[in-house]
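S.K.: Heads up: the protein sequence lines correspond to chains U and G, in order. Residue 1 is where the first sequence starts when you use our numbering, and the numbers rise one by one after that. Residue 1 is where the second sequence starts when you use our numbering, and the numbers rise one by one after that.
The hints are simulated quantities; they were obtained by calculation from the structure and are not laboratory data. A few of these clues could be false.
Pairwise CB distance ranges (calculated) [stated by the list, open to error]: (1) G/Gly3 - U/Arg61: 30 to 36 Å; (2) U/Arg61 - G/Leu39: 26 to 32 Å; (3) U/Thr78 - G/Glu97: 18 to 24 Å; (4) U/Asn55 - G/His10: 38 to 44 Å.
If we take Cβ atoms under 8 Å as the criterion, some of the chain U residues that face chain G in the derived model are [to be verified]: (5) Leu14; (6) Thr51; (7) Ser53.
No experiment lies behind these values; they were computed from the predicted model shown. Every residue gets a Cβ at the ideal spot worked out from N, C-alpha and C, and that includes glycine.
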Amino acid sequence: KNQVEQSPQSLIILEGKNCTLQCNYTVSPFSNLRWYKQDTGRGPVSLTIMTFSENTKSNGRYTATLDADTKQSSLHITASQLSDSASYICVVSPQLTGANNLFFGTGTRLTVIP
Amino acid sequence: DTGVSQDPRHKITKRGQNVTFRCDPISEHNRLYWYRQTLGQGPEFLTYFQNEAQLEKSRLLSDRFSAERPKGSFSTLEIQRTEQGDSAMYLCASREEGPHTEAFFGQGTRLTVV
């Protein structure tokens, strides 16, 4: 079972609207959580990284929140633009000595239409 | 150094042939990762290097797959006797030492086995 689950799988919104993407994880103990944006056919690009002690992190129109108690994170996109169309991937790092892996969600495919 | 670079960007090969991909990480990054990504899925971990040492290998890395990082700088991923199921995007990422350091991804190598 994937230890990082994202919802929705896909989302279509009108340009200018806001949206929120969800990430639930079971990775424990947990070190940090990252959100990446991946354009089709390209490598992922980092948006935010939050440690377990952080509740929110912003990067321009992107705001990520984290609730380490419920093991949930969200990515809020404000005033969406056509260029926001991409997959958004939630990535969780475990807090284990010697463990260097990153656990990836399957992503949410966002399409912004004019 | 502008980031992680991968070569080639695209590779089409016949089933049964061997292929080799190259990844050049950001120069001061001692950690290097290989991931495989199929359409609509998040990246799946293949292997991890710290400097020249290969410290982790996924069970996805069958005996047809081999990765090296001989001088702790660039890395190669070789697939022998390719199968159609090997068709995927192969992503390389690098990061500095530390639990919360950013992971930077290359643009990936798109492999198509015909």
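S.K.: Decide, hint by hint, whether the structure agrees.
M.R.: Verification of the supplied hints:
Take G/Gly3 and U/Arg61: their Cβ atoms lie about 23 Å apart, and the range 30 to 36 Å is violated. Checked against the given bound of 26 to 32 Å, the beta carbons of U/Arg61 and G/Leu39, roughly 27 Å apart, stay inside it. The hinted range of 18 to 24 Å is not satisfied by U/Thr78 and G/Glu97, whose Cβ atoms lie roughly 34 Å apart. For U/Asn55 and G/His10, the Cβ-Cβ distance of about 42 Å falls inside the hinted range of 38 to 44 Å, so the restraint holds.
Checking U/Leu14 against chain G by beta carbon gives a least distance of about 24 Å; that is not within 8 Å, so the hint is violated. Because the closest C-beta pair between U/Thr51 and chain G is about 6 Å apart, less than 8 Å, the hint holds. At a threshold of 8 Å, the smallest CB-CB gap from U/Ser53 to chain G is about 11 Å, leaving the interface hint violated.
Going through the hint list in order, the structure does not satisfy hints 1, 3, 5 and 7.
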